[in-house]
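Protein chains in written order, with my numbering: chain A, 86 to 511; chain B, 21 to 190.
Hints should not be assumed to be uniformly reliable.
[Stated by the list, open to error] Computed footprint of chain B on chain A; a stretch qualifies when at least three of its residues, placed anywhere within it, have a C-beta under 8 Å from a C-beta of chain B:
no., stretch
1, 159–170
2, 240–253
[Unchecked claim] Beyond 12 Å from chain A on every Cβ pair, some chain B residues (computed):
no., residue
3, Asn49
4, Pro50
5, Asp66
6, Gln105
7, Thr106
8, Tyr126
9, Glu138
10, Lys163
Read the hints as simulated data drawn from the structure, not as lab findings.
Bear in mind the structure is a predicted one, so any value in this text is a computation, not a measurement.
We put the CB at the ideal spot given by N, CA and C, even for glycine.
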Amino acid sequence: MKKHTKQDRPSSVLVAKDGRTVEEIRKDFPMTQALEHGHPLIYFNSGATSLKPVQVLDKMDRYYKEYGVNVARGVDKIGYDATKAYEDVRAQTARFIGAARPEEIIFTRNTTEALNLIAYAYGGSHIAEGDEIIVSVNEHHANYVPWQELAKRQGAKLVLVKPDKTGQVTPELLEEKMTTRTRLVALFHVSNVMGASNDLEALAEVSHRQGAVLVVDGAQGIVHHPVDVMKSDVDFYCFSGHKLLGPTGIGVLYGKADLLRAMPPWQFGGEMIDVVGDYETTFADIPARFEAGTMPIAEVLGLGEALAYVDRIGYDFIQAQIALLGQRMVEGLEALPNMEIYNASNYRNGVLAYNAKGIHPHDVAGVYDREGISIRAGHHCNQPTMRFLDVQSTLRASVNFYNTLDEVEHFIEVSKKAGDFLDVLF
Amino acid sequence: MSSSDNSNLYRAIIMDHYQNSRNKGLVENPRGYMTVRLKNPSCGDDLTVQLKVEGTMVKEVHQLGAGCSICCASASMMAESLEGQTLEEALRRIDNFNKMVQGEAYDEDLVGEAVSLEGVSHLPQRVKCATLAWQASKRGLEKIEDERARGLADHEANEGSIEDDVSPED
Chain A
86 MKKHTKQDRP
96 SSVLVAKDGR
106 TVEEIRKDFP
116 MTQALEHGHP
126 LIYFNSGATS
136 LKPVQVLDKM
146 DRYYKEYGVN
156 VARGVDKIGY
166 DATKAYEDVR
176 AQTARFIGAA
186 RPEEIIFTRN
196 TTEALNLIAY
206 AYGGSHIAEG
216 DEIIVSVNEH
226 HANYVPWQEL
236 AKRQGAKLVL
246 VKPDKTGQVT
256 PELLEEKMTT
266 RTRLVALFHV
276 SNVMGASNDL
286 EALAEVSHRQ
296 GAVLVVDGAQ
306 GIVHHPVDVM
316 KSDVDFYCFS
326 GHKLLGPTGI
336 GVLYGKADLL
346 RAMPPWQFGG
356 EMIDVVGDYE
366 TTFADIPARF
376 EAGTMPIAEV
386 LGLGEALAYV
396 DRIGYDFIQA
406 QIALLGQRMV
416 EGLEALPNME
426 IYNASNYRNG
436 VLAYNAKGIH
446 PHDVAGVYDR
456 EGISIRAGHH
466 CNQPTMRFLD
476 VQSTLRASVN
486 FYNTLDEVEH
496 FIEVSKKAGD
506 FLDVLF
Chain B
21 MSSSDNSNLY
31 RAIIMDHYQN
41 SRNKGLVENP
51 RGYMTVRLKN
61 PSCGDDLTVQ
71 LKVEGTMVKE
81 VHQLGAGCSI
91 CCASASMMAE
101 SLEGQTLEEA
111 LRRIDNFNKM
121 VQGEAYDEDL
131 VGEAVSLEGV
141 SHLPQRVKCA
151 TLAWQASKRG
161 LEKIEDERAR
171 GLADHEANEG
181 SIEDDVSPED
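Produce the complete structure using the sequences and hints provided.
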């Protein structure tokens, strides 16, 4: 790998809250040692999923090896231990995002499932014919299609809000779309293509003024920003474990307790019941009401370890390291005549949407791949944003705190070779 | 020829088909044509072919798509390779091309300029880019054959459309 010169190097190396440097932290992430086409893997696709620290893997491994039994199903000591570990993560998650009570945390499969849960259980019981649902045109499909479908089912109207040119949905833009019929607003915290951040507190205030609830897709947001659901006063906040150093298969739905209690269950089965009669069943209180069947227990424990990891290194460090990398990426690509960057001002969230002029993004992705650089090319599960940018697809490079400036320099070098895309065939 | 000679020649062939795509564009009135649109939702490649078979001959092959260089160049090569062939020969060429990019034994005499895409066989994640146009024609030609087998006259058998997504398993 080409080293950048000494004068490029920042004068001080960033240090995490636990006192460690990036080089030390990288040792926690086995995949930073992986090879791709004989090159050290440069993983610039953290927007799709993050790498996992060994602490998360060990936690899950220990559960299966030492107390791998079901939760909430017995009076034995080992069952108690598993249940306690599981419920401790619920309380930990509540603290992590500033929720008032553990029961406001519902475990789901991922952000997508959490958003669908809201659309079915809340939407199905609270959205009526003629009501309006507002979503932005920069939403991931997971925070777009469920609302399209809900509007169809209920005979409600889907209202689209267009962000400003940086991709942000400002309170003013939302305000313009609000009416007395607006019942629900669904917006991203950080957008997965543009990397724009929304001001949740201001958007919640605008939503509440008309009596609407604000649903937030936090899949990207919680990776970059500390979340305080009580301070921002959002009604629902959803995120996935796997983008936040945790395992796949575990997501979180936060909802205000009174809202969750007013929602009927959407899946039925074990552990979500109160009394099952011959013909009628009453249901458990939250959170159990929304956790039917055996849950992904190891994944919940892995999520808890991931949150603890974030707490140890601290959001200040995460933000500073990502901003450092993002700024250098923008600088480096802006210096190349053939690159078109769509979101240069949002470098702080570590996601860069761009294209090499006149070259299809899949061709360019092939050039990166050959050099061991993993980025994403395509529509990023966000076709509305492709229309917003008036492109068919883009390249997306997304970095996290475990990436290094050396990796960014190599990425910029390889970007210069975008035109050699046919080399991959020979 | 040494392999580096080959690679320069092959690059030139692919770029020529990519930049000067053959039989590009769809007919204005699709009546009397078999129209097949295939998309790969995972990458966004989106390709349409229009076919007309008369008697035993594939008389016309039109193609239009949006995709990467491999997808678009391959569509151009496909159109050039299949137009003017017998239906039987066209299907044989499609099968042969698919074998080549999947790394199986193939007949070099049948593959023509598409031999330039042989390197796709080392890029499993790009095989579907290369085969999209050929798959579309295969689906269309087979449908025409089926319609004829049901007793439809040529002009009726030609008329129809297929629209489908290719799945990760295809």
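We went through each hint and held it up to the structure:
1. Given as covered by chain B, the stretch 159–170 of chain A fails the check, having 0 residues with a CB less than 8 Å from a CB of that chain where 3 are the minimum.
2. Counting residues of the stretch 240–253 of chain A whose beta-carbon sits less than 8 Å from any beta-carbon of chain B gives 0, not enough to reach three: the coverage restraint is violated.
3. Distance to chain A confirms Asn49 (chain B) as a non-interface residue, since its nearest Cβ pair spans about 27 Å, more than 12 Å.
4. With a least beta-carbon separation of about 23 Å from chain A, Pro50 (chain B) lies farther than 12 Å from that chain, consistent with its non-interface assignment.
5. A Cβ of chain A approaches the Cβ of Asp66 (chain B) within 12 Å, the least distance being about 9 Å, so the stated non-interface status is violated.
6. Residue placement check: Gln105 (chain B) keeps its beta carbon more than 12 Å from all beta carbons of chain A (closest about 26 Å).
7. Consistency note on Thr106 (chain B): stated as away from chain A, and its beta-carbon is indeed over 12 Å from all of that chain's, at 30 Å minimum.
8. Even its closest Cβ contact with chain A, about 16 Å, leaves Tyr126 (chain B) beyond 12 Å, as expected for a residue assigned away from the interface.
9. Its beta-carbon lying about 8 Å from the closest one in chain A, Glu138 (chain B) breaks the requirement of being farther than 12 Å from that chain.
10. Even its closest Cβ contact with chain A, about 28 Å, leaves Lys163 (chain B) beyond 12 Å, as expected for a residue assigned away from the interface.
Checked against the numbered hints above, the structure violates hints 1, 2, 5 and 9; every other hint is satisfied.
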